[in-house]
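Novice: Using the sequences provided together with the hints, build the complete structure.
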Amino acid sequence: MYDEPHILSKAREFIRSNRASAARPLVDALDQLGFDPLVVAELDATLLSKSGRRAEAKLRIDEALRSAPADLALLLLRAELSLDMGDANCAAASAAAGVVASPANARANALLGLALLRLGHAADALVCLTKARSLDPAKPAFHQTIAEIHMAMGGFAEAQATLAAAVARFPEAHSLRAAATETSLRCGNYPGVVELASAACAAGIAGASVFSALGRAHTRLGRNGQAAEAFAEALKLAPCDASIQHLCASVGLRTAPDRAPPAFVETTFDTLADRYDQEAIATGYRLPELFRTHLRDFADRGRPVQNLLDLGCGTGLLAAATGPFDQGITGIDLSARMLGRAAKTGAYAELWHEDAAGFVLRDERQWDVIVMSDVLPYFGDIAAILQGAARRLSPGGSLVVALDELVSNAEPDRMAPRSWHLERDGRYRHAGFYLSMAAAHAGLQIGSSERLDLRMGRDRTGDSRVAILTRIAS
Amino acid sequence: MTRQSRNVSFALRNIECFDTPTAARDSTLMSRLNLAIERQKAGHVHEARLEMQALAQADKGWDEPVFRLADSHRAEGDDSRAGERYRDCLMRNPRHHDALLGLAATQLRIGNILAAQTTLLRCCRLHRASSAAWDLLGLAFGSSQDCAEAERAYSRAQALAPQDMAIALRRVDAAIAAGTADTELIRLEQATEADALDIVLLTARGVLLDRLGRRDEAIDILEAASIIAPAASQPALELANALLHVDRNKEAERALTAAIALLPDQWLLRNNRAVILLRLLRYHDARREIEDLIATQGERVGLLCNLATALTALGEQDAGLAAATRATEVAPDQHLPWRTVINSLAYTPGVTAQAMLDAGRRAAAALRHEGKAPLVRDLDRNRRLRIGLLSTQLKTHPVGWLTLAGFEHLDPRAFELICIGTPETGDPMSKRFRAIASEWHPTPDPDPERAAAEIRDLNLDILIDLSGYGDRGLMALCAFRCAPVQIKWVGMQNHSTGMPEIDWFIADRWEVPVGLEAYYSERLLHLPDGYVCYSPPSYAPTVAPLPALRNGFVTFGCFNNLSKITPAVIATWSEILRRVPDARLLLKTHQFGDPFTAGALHQAFESAGIARSRIELRGGSPHRALLAEYGDVDFVLDPFPYTGGLTTCEALWMGVPTLTLAGETFSSRHAASHLSNVGLPDWITTDRASYCDEAVRRSSGIHALAALRNGLRSRVKDSPLCDAPRFAAGLSDAFRRAWRDHCSSHTS
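In order, the protein sequences belong to chains F and Y.
Start counting the first sequence at 1; every next residue gets the next number (this note's numbering).
Start counting the second sequence at 1; every next residue gets the next number (this note's numbering).
No lab work stands behind these hints, which were simulated from the structure alone.
The reader is advised that the hints may include incorrect statements.
Said to hold, decoys possible - Computed footprint of chain F on chain Y; a stretch qualifies when at least three of its residues, placed anywhere within it, have a C-beta under 8 Å from a C-beta of chain F:
(1) 422-435
(2) 536-545
(3) 586-599
To be verified - The following label-pair restraints were derived from C-beta to C-beta distances:
(4) Lys50/F x Leu524/Y: 46 to 56 Å
(5) Gln163/Y x Lys50/F: 27 to 37 Å
(6) Glu279/F x Gly620/Y: 45 to 55 Å
(7) Asp682/Y x Glu13/F: 51 to 61 Å
(8) Glu364/F x Ala453/Y: 49 to 59 Å
Yeah, the Cβ is synthetic: ideal placement off N, Cα and C, and Gly gets one too.
Specialist: This is the structure in structure tokens:
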């Protein structure tokens, strides 16, 4: 009466096309009809996982595997699920069992590679993914992951070459085009981005991310008109993308918002993370040195620093430049890639993947020193975040901020001076008077302030300001 | 027809033969009654009734002859007499289940709802296990808006008849009316989790999700139900309906075909499939289906209108107009035939502006105008205005390509955009509309009056119709006066609407030049440049070199749909081809994917003396590929009287100019507007002779064509046609002008 093979085939089809609510009744029907329990368990767990009920999914798989420990589909599903749940060890064990069960299974090898990458064994991961690619060369995702591994190993050229070859092999694959442009952007290869993006446009398959990368590359290359055109196209394809909206605002296509959206900051710093330290050292990034001086002065006043909050900690350059504190350093950043590198320094007691403005509202601890080295350039209106940070300062504590300074060309009697301005790179510049006003509004005063060249490379010279703010005595 | 109104006729048991316990009855009497019933079924109603009356007289304690008599009257629609007889029957047997139901049904039909409820409550008390009684009680309570009581009654009915699909679906409707849809949904979710094979409940769950506007989930559930129980018709039907709402027409056609296989006698399903085939641009298949239905069902209005649409789309404009006109004769007071006439007339050779205006007025007159006075809002002339965009086509569609860039560049501090009528989908242009809209109201109520009330409740200042009388066009709602200022813009904007409630008509000086204003019932809201702003796609290929340079001959082209290619157009193009003997003509439209249609067009050209080898017909293709095919065209020959709108813009973007023949009607001047807007007024002709002469002359100037083509994209890009900020400034002024005019008229 019931066509079980057809129901099964449609259930799998719906799962593949992410139609969980269509698949669920079919899986339940198969279950009620007494269909093969291992197949039902696999489908059930997949659906549970897709609906975010990962722990239940894992239990379901574990239970099924007890009766059939070598079931390949279940092993690979557990490996995938474990990766999603951040349990790389379990993922590696499950995928390895899958490889043992079926050495020529490309997915098993790929999953093992991904797990090993998470466990920090990039070279081994590369071996697994290379094998997966040789077993199933028609899968663009394997090529993309190999490029990711090269990036993780610092092999920028290899990553770009891998993706270039993959794009040539799979010219219709949007995801590869996007990955190739994004990777070249992360490598700082702006002419390469333009070349790849232009090829994608000519082929008629450029998506929003390709146009966005193209716009950012044009910005870096100083081609502002072309950057604006690229951002406008990106916005057409992804009209609700907050990062693209921000980039459009940065070239004057939209009204500038009060702050950069967190997604934009995250993407920006994820893109920079791979070569951030390298460039910082090469271009003589001066803030760590200034900061160390400030901490020494702080200690000289007879009060050693107990704890430190590093908002926008990035790769941990500041923490690496300071000694340990009794209660340690807490780092906050929106970029997971940056945080990954900060974790490797071992300098932080805590690291939070979070928006700085949100953290100072949420966390009620007090800090002797709070530093915001590259946070304010992503806020136009800085009043709220300064207020939040001020509330978190312990008595006698200090807030160290760096910002890009806006030098107004307006004649004072003809035009009201601007407080802040959104620049073409998506960062904000702030007028000196505005920092003073916002600080005062937050109950802070500027203890010392120095104008200098902080930023790495580019065309920025002598336009940054570091200020040390303390509470206004009541 | 709603489920509730159907209920009255099918809730009653149709007893084929007398089956009441007969222990105390004379078998002769029973035989006579059965014979009378058979006579009634055979159409001998009068004789049957006489016999039933005689039997009732013969045995005054016997209820059944009286009940049969009542049923006979009810079958004939004589509710008054049927009611009397049911009462007689109940005098003889106060517990008679079917008489109680019959009486209640007649009471409901004559509008005596309270009496029906009383009868049914009595029936339910006497026959607690009767699902039909509880079901009809649900209907009776629903009729008096006692929604909670109705839901309770359906709940009892469903408990007694869990496999009755109709009761389950009526309970869904009742739950929505009672405001307990969420509770009902939870109940259905839990019940279907507990019994995954219960198709009635699974279908009810899908239907409820659909009613709640959760269409994707509804489709998922209904599709699952169809897969589990492929022999059940209701899931397939409901699935087709849900898919239609979100324009997933191919899937809808499959679902409907499955339902038709299960219910082959329901001609309406086949009509619905024909409508889907029209939407899928499978006009030839649609035509066959409709003609077959007309042959078996007669000339029904809907069928004639659908036939008109199919014929016009197949290039048989005169036949299309004839079918539409026939529909107006069958139902002169209905709106649908008249709007179909407009949609056929716009393509018909020789159509005049006056004829279009008259047709528009006639269609508008068939709408309900009884209504609502103009709405007056806060008459601040400079305040931020709430502007409604009324259309089912706020997506990748000519409406999107020609209006979106303008809307995107309106100042959001001056105008707030409210989108009405387009289902939420992943369509890229729909997402862009979504991004600029402060509100999105996907599906108006199917009932026009309620839909209009919903729109009025949005407190709009201006309502812009962007759908016209096209398929699922919503313009008719404007007849209810949904906003104080109502404007017609792109979207089947083929000429004046003729509707008194539409105040303004967006145009430009080329679309409606001096002298043609009189043929518009609306006031004209002229924009400073063209009346639209074209937003070219980022994936458009680069402009290819002039093909004549490599071919050594000219290739004329036209990528407009077949509806626009009339016999007069074919004759004109044939003359041009005779005068330019080495030239070719490349026609491309989705209809040519059908060999029958392509063959008919080839035949038409051959009849005009043009060899088949000189005419290339290409079917539909993805948009980028279509644009690339302009690389094979030297210049476009525009059809007439319905000229190319978006098609002209696309050709220009691909470096291909269009030679047009402008007429009187709005749609006969689209290409003229776009060409003027990009500075190519010399490509506009005004009569057939000069159109032919100009085509011949241009054909001899290959190098001039090449030079024009080389710079055309940048020329178009820099022209007002693509200058969205400039266009938006003009549009903004126009909206403000219309609003201030409204303010002035209400403050003076």
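Novice: Run every hint past the structure and note whether it holds.
Specialist: Outcome of the hint check:
A stretch counts as covered by a chain when three or more of its residues have a beta carbon under 8 Å from one of that chain; for the segment 422-435 of chain Y and chain F the count is 5, and the coverage holds. Counting residues of the segment 536-545 of chain Y whose CB lies closer than 8 Å to any CB of chain F gives 5, which reaches the minimum of 3, so the coverage claim holds. Check result for the segment 586-599 of chain Y against chain F: violated, 0 residues qualifying (beta carbon to beta carbon below 8 Å, three or more required). The hinted window of 46 to 56 Å between Lys50/F and Leu524/Y holds, with their beta carbons roughly 55 Å apart.
Distance hint check: the CB atoms of Gln163/Y and Lys50/F are about 32 Å apart, consistent with the given range 27 to 37 Å. Our hint of 45 to 55 Å for Glu279/F and Gly620/Y holds, since their Cβ atoms are close to 51 Å apart. Checked against the given bound of 51 to 61 Å, the beta carbons of Asp682/Y and Glu13/F, roughly 56 Å apart, stay inside it. At about 51 Å, the CB distance of Glu364/F to Ala453/Y agrees with the hint of 49 to 59 Å.
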